[in-house]
Amino acid sequence: MRQQTKFETSGASGLQAERLITLAAGGALTLFGLSRRSWLGFVLAAAGGGLIARSALRGPQEDDSDLDDFADAAPAAEWETPLPPRPANADGVQVEKTVSINAPAAALYSFWRDFTNLPRFMKHLESVQVQDAGRSHWVAKAPLGQTVQWDAEITEDVENERVAWQSLPNADISNSGAVEFRTAPGGRGTEVRVALTYKPPAGMAGAVIAKLFGEEPTQQVQDELRRFKQIVEAGEIATTDGQSSSRSQGEEKSA
Amino acid sequence: MKALCWYRTGDVRVETVPDPKILNPHDCIVKVTSTAICGSDLHLLNGYIPSMVTGDILGHEFMGEIVEVGSDVKTRRVGERVVVPFTIACGNCSYCRRQMWSACDNTNPNAWMSEKAYGYSGAGLFGFSHMMGGYAGGQAEYVRVPFADVGPFPVPAELPDEKVLFLTDIFPTGYMAAENADIQPGDTVAVWGCGPVGQFTIRSAFLMGAEQVIAIDRYPERLAMAAAAGAKTLNYEKADVIDALKELTGGRGPDSCIDAVGLEAHGTGLPGAYDLVKQAVRLETDRPHALREAIQACRKGGTVSIPGVYGGFIDKMPMGAAFGKGLTLKMGQTHVHKYLAPLLGRILAGDIDPSFVITHRLPLSQAPNGYKTFRDKQDGCIKIVLDPTA
Numbered sequence: 001m002r003q004q005t006k007f008e009t010s011g012a013s014g015l016q017a018e019r020l021i022t023l024a025a026g027g028a029l030t031l032f033g034l035s036r037r038s039w040l041g042f043v044l045a046a047a048g049g050g051l052i053a054r055s056a057l058r059g060p061q062e063d064d065s066d067l068d069d070f071a072d073a074a075p076a077a078e079w080e081t082p083l084p085p086r087p088a089n090a091d092g093v094q095v096e097k098t099v100s101i102n103a104p105a106a107a108l109y110s111f112w113r114d115f116t117n118l119p120r121f122m123k124h125l126e127s128v129q130v131q132d133a134g135r136s137h138w139v140a141k142a143p144l145g146q147t148v149q150w151d152a153e154i155t156e157d158v159e160n161e162r163v164a165w166q167s168l169p170n171a172d173i174s175n176s177g178a179v180e181f182r183t184a185p186g187g188r189g190t191e192v193r194v195a196l197t198y199k200p201p202a203g204m205a206g207a208v209i210a211k212l213f214g215e216e217p218t219q220q221v222q223d224e225l226r227r228f229k230q231i232v233e234a235g236e237i238a239t240t241d242g243q244s245s246s247r248s249q250g251e252e253k254s255a
Numbered sequence: 256m257k258a259l260c261w262y263r264t265g266d267v268r269v270e271t272v273p274d275p276k277i278l279n280p281h282d283c284i285v286k287v288t289s290t291a292i293c294g295s296d297l298h299l300l301n302g303y304i305p306s307m308v309t310g311d312i313l314g315h316e317f318m319g320e321i322v323e324v325g326s327d328v329k330t331r332r333v334g335e336r337v338v339v340p341f342t343i344a345c346g347n348c349s350y351c352r353r354q355m356w357s358a359c360d361n362t363n364p365n366a367w368m369s370e371k372a373y374g375y376s377g378a379g380l381f382g383f384s385h386m387m388g389g390y391a392g393g394q395a396e397y398v399r400v401p402f403a404d405v406g407p408f409p410v411p412a413e414l415p416d417e418k419v420l421f422l423t424d425i426f427p428t429g430y431m432a433a434e435n436a437d438i439q440p441g442d443t444v445a446v447w448g449c450g451p452v453g454q455f456t457i458r459s460a461f462l463m464g465a466e467q468v469i470a471i472d473r474y475p476e477r478l479a480m481a482a483a484a485g486a487k488t489l490n491y492e493k494a495d496v497i498d499a500l501k502e503l504t505g506g507r508g509p510d511s512c513i514d515a516v517g518l519e520a521h522g523t524g525l526p527g528a529y530d531l532v533k534q535a536v537r538l539e540t541d542r543p544h545a546l547r548e549a550i551q552a553c554r555k556g557g558t559v560s561i562p563g564v565y566g567g568f569i570d571k572m573p574m575g576a577a578f579g580k581g582l583t584l585k586m587g588q589t590h591v592h593k594y595l596a597p598l599l600g601r602i603l604a605g606d607i608d609p610s611f612v613i614t615h616r617l618p619l620s621q622a623p624n625g626y627k628t629f630r631d632k633q634d635g636c637i638k639i640v641l642d643p644t645a
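If you read the protein sequences in the order shown, they are chains A and B. Here the working numbering is used: position 107 in the first sequence is 107, and no number is missing along the way. So the number in the working numbering is just where the residue sits in the second sequence, counting from 1, plus 255.
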């Protein structure tokens, strides 16, 4: 059974953490009553729902031109510089996270450059098929058994250093991404930085979705990078799913 | 199988649960032959460690026989008799490579929880809350052990369980506490808490050449066990500890002070009452009486070593005293893997027989009573070993 968990407070300040731990220590384990929902799941759900609506109203072939402009927006930043500030009216989600991995940059680049590996640690992806000429087809899971799909092309590829990609027009959900690899000082492995942008369908404010429906986007990407690191360093992703307890199947009681 | 499960504060039960399965390719399944109740299990029983869930299987001190291995296990074999470190380590991250096994980057499936609370997550632990990984523990007939090639450590057949069981936690924990205390020839080491970890700390301090060890507790049987190892003893209910330590060290103060008590310290006088009240109304999670006293008592430039568990926040920390005297503070979960081979060597050489600490042996089915006996310090209880095969 899956352990779905969430801290009630998302802030990292000492005061909030103190309140949290103090409450929890007293037995009021509110953090276990709440599910840890996926922000991207909701974005994808919205995209899937939008597809159905568009299919019903306009037919499946019709272009959704208001998504297309997103592909040009906000390219991933250079390592040394922060992502450019988003315009106040932008409604996409931008995330940037870094992790250090105890492996050479070349090995990490090779693993990532084969996009078919990405679903192993990006849980929302069902599959990525690599086509020719730097193109790939991505299928992501959406709730209620739906999927959302898009084609992407590689926009930048520097061996052992950097890969960037972006979705092509007609994507169910317009998005772009970049990953960079840089040798850490003093034998500390390789620093891996990922920058992702997603634009939810028509008019939905991604940041609002993220806030309303649970997990921060940055947390989700951090968890993905953690799983990437675990695959590379430990050869498996740490889990307790399916282990023994005296909870009956599917039941998660909090104290 | 039968397993000891946590239900709520003060309520643990032996229940029938599903047998564990291999979940990852480096896992193995161990048939538990001996397991023990740790003092830190009492923090769980008493509700001081956050993120426990009803139904969790407890236990992080256990050993037994490997009965199944995952597809990627290279060196461990079915039939081997092993002790299992309570910290789960991947063996290949930068922390494991530097022998900082309890800081492993890759073994806490709930790392995001620890990161929210602590900034970064340490290794996953068996049976010690979901923030620490939520791994089912070993107070059970069988247990799933991740990274079979990294943690489980074969032990010689000629040594009975009770001589090697404590390699899983309390012997290395006491040993690392003494190592962290930076003991030099001629040193006096003061140890707060004569529970099992304190007992191993005292003996480890002597193994490292301490001239004098002063053991502080209030239970006669624990002080007697400390005295049997050669320690001078102080009953903190009958003496002013800080004054007494000064007198026992020629007015210099102990060179090293070790807090082997942790977050449920029993304090005396006004500060003790202050902590009890603040903890009861949840303005403070941990009662740091022993730690405060250790800092206050320590000589200038000395070392305070903290094997006692802390989980959250403490109050009235005498930071001025620590700074004013230039103290070094060292602490943390034990890097058990690092100590397995050298401490097994000590046992084989006859330097120490860890079974000295056992006062009670019970079948697993009696574990809930054992928890209460241990918690309430009844019947001279210092260490309980459980037999899941009985």
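A hint or two may mislead.
As the list claims (entries may be wrong) - So the derived label-pair ranges between C-beta atoms look like this:
hint, chain 1, residue 1, chain 2, residue 2, range
1, A, R182, B, E502, 55 to 61 Å
2, A, E96, B, P597, 43 to 49 Å
3, A, H137, B, V322, 41 to 47 Å
4, B, P409, A, G186, 52 to 58 Å
5, A, R182, B, G579, 41 to 47 Å
6, A, T218, B, T644, 46 to 52 Å
7, B, G505, A, T183, 51 to 57 Å
Stated by the list, open to error - Incomplete in silico selection of chain B near chain A, CB under 8 Å:
hint, residue
8, K257
9, C260
10, V272
11, C345
12, C348
13, W367
14, A479
15, A483
16, L603
17, D606
18, D608
19, S610
20, T614
21, D634
Worth flagging that the hints you see were computed from the coordinates, not collected in a lab. Each residue gets a CB set at the ideal place from its N, CA and C atoms; glycine is no exception.
How the hints compare with the structure:
no., hint, verdict
1, A/R182 <-> B/E502: 55 to 61 Å, "59 Å, holds"
2, A/E96 <-> B/P597: 43 to 49 Å, "44 Å, holds"
3, A/H137 <-> B/V322: 41 to 47 Å, "45 Å, holds"
4, B/P409 <-> A/G186: 52 to 58 Å, "35 Å, violated"
5, A/R182 <-> B/G579: 41 to 47 Å, "43 Å, holds"
6, A/T218 <-> B/T644: 46 to 52 Å, "48 Å, holds"
7, B/G505 <-> A/T183: 51 to 57 Å, "54 Å, holds"
8, K257, "10 Å, violated"
9, C260, "4 Å, holds"
10, V272, "5 Å, holds"
11, C345, "4 Å, holds"
12, C348, "5 Å, holds"
13, W367, "6 Å, holds"
14, A479, "33 Å, violated"
15, A483, "36 Å, violated"
16, L603, "31 Å, violated"
17, D606, "35 Å, violated"
18, D608, "34 Å, violated"
19, S610, "29 Å, violated"
20, T614, "28 Å, violated"
21, D634, "28 Å, violated"
In the structure shown, a violation is registered for the earlier hints numbered 4, 8, 14, 15, 16, 17, 18, 19, 20 and 21, in ascending order.
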